[in-house]
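Enquirer: Below, each chain spelled out in residue letters.
Number of protein chains: 2
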Amino acid sequence: MEDDQLSATFAALADPTRRAILARLADGEATVNQLAEPFEMSLQAISKHLKVLERARLITRGRDAQWRPCRLQTAPLETASEWIERYRHVARDRLDRLDKEIQKLKQQQEGQNHE
Amino acid sequence: MEDDQLSATFAALADPTRRAILARLADGEATVNQLAEPFEMSLQAISKHLKVLERARLITRGRDAQWRPCRLQTAPLETASEWIERYRHVARDRLDRLDKEIQKLKQQQEGQNHE
DNA sequence: TCCATAATCAACCTATTGGTTGATCAACCG
DNA sequence: CGGTTGATCAACCAATAGGTTGATTATGGA
Chain A
1 MEDDQLSATF AALADPTRRA ILARLADGEA TVNQLAEPFE MSLQAISKHL KVLERARLIT
61 RGRDAQWRPC RLQTAPLETA SEWIERYRHV ARDRLDRLDK EIQKLKQQQE GQNHE
Chain B
1 MEDDQLSATF AALADPTRRA ILARLADGEA TVNQLAEPFE MSLQAISKHL KVLERARLIT
61 RGRDAQWRPC RLQTAPLETA SEWIERYRHV ARDRLDRLDK EIQKLKQQQE GQNHE
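If you read the sequences in order, they're chains A and B.
Taking the UniProt record's numbering, the leading residue of the first sequence gets 1, the next gets one more, and so forth.
Taking the UniProt record's numbering, the leading residue of the second sequence gets 1, the next gets one more, and so forth.
There's no promise every hint is true.
[Claimed, not checked] Ranges of calculated distance between the beta carbons of each label pair, as one might list FRET restraints: (1) B:Q108 - A:T79: 31 to 41 Å; (2) B:K104 - A:D99: 44 to 54 Å; (3) A:E54 - B:A45: 28 to 38 Å; (4) A:Q44 - B:Q44: 23 to 33 Å; (5) A:H89 - B:K104: 14 to 24 Å; (6) B:T31 - A:E54: 40 to 50 Å; (7) A:S47 - B:R94: 19 to 29 Å; (8) B:H89 - A:R57: 11 to 21 Å; (9) B:S42 - A:R71: 18 to 28 Å.
Hints are computed from structural coordinates only; laboratory data are not their basis.
All C-beta atoms in this analysis are idealised placements derived from N, C-alpha and C, irrespective of residue type, glycine included.
Required output: the full structure, derived from the provided sequences and hints.
Expert: Written as structure tokens, this is what we have:
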């Protein structure tokens, strides 16, 4: 896990437990115990996962008596998505240009055949 | 790093060196030495990064004499992007619904004030 | 006040990451 | 053939990840 924001976001997303937690939080706030309920592992392990998500700014935590409700933050997801889309599109556009060049070369070859 | 494809993709993206390599490959094929050139670290370290990217299916490698040209594969990027977008939208839609409910409650309150 | 509940802190353990250096393999070229 | 270049393999190392158990903190309720 690296120090920059984008690396922290992707590292946080690279664990299925944490992704499941985020998926749950997309439906609304939840406490630590509620989030831990579906998993086999200890509450402390979930607490550690939440700390990772918090440091990656993917969640924020409030205070309601002894409960600490977790809330999803979508801003880092947006940044991560933008990074991915950017390079997907660069690659796609490049392939499109290559395709056009090939078409052009084929046409030129056609022309030569007819001479 | 986990065994499932999505975890492997995100884990691969969680390193700035690997992201820079992918960014370079979005512009077209490159050999290991070409990819290593901008970095301070050893060629072997880059080779390891490429192995991570290959296992995550983010790149494929050909054979051209003693060169091993690397090529970007966008399919895993698409899957990763879809995962992120899905939960961003779930969260956004939920907030929209909450907003509408609040509007409705406000209107009801208005009505009561006028009785 | 005393106890139960929610959650975190602390110490520990094992496996993995991300880097190093040195040796090796594979292909071309004089 | 022998040397050079491109790249990987192997062994090693320090730091981190992801889990455990046990102790601790904070709040609410009888």
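Enquirer: Could you run down the list of hints and mark each one as holding or not?
Expert: A quick look at each hint next to the structure:
no., hint, result
1, B:Q108 - A:T79: 31 to 41 Å, "holds, 39 Å"
2, B:K104 - A:D99: 44 to 54 Å, "holds, 52 Å"
3, A:E54 - B:A45: 28 to 38 Å, "holds, 31 Å"
4, A:Q44 - B:Q44: 23 to 33 Å, "violated, 38 Å"
5, A:H89 - B:K104: 14 to 24 Å, "violated, 40 Å"
6, B:T31 - A:E54: 40 to 50 Å, "holds, 41 Å"
7, A:S47 - B:R94: 19 to 29 Å, "holds, 25 Å"
8, B:H89 - A:R57: 11 to 21 Å, "holds, 19 Å"
9, B:S42 - A:R71: 18 to 28 Å, "violated, 43 Å"
The structure shown violates the earlier hints numbered 4, 5, 9.
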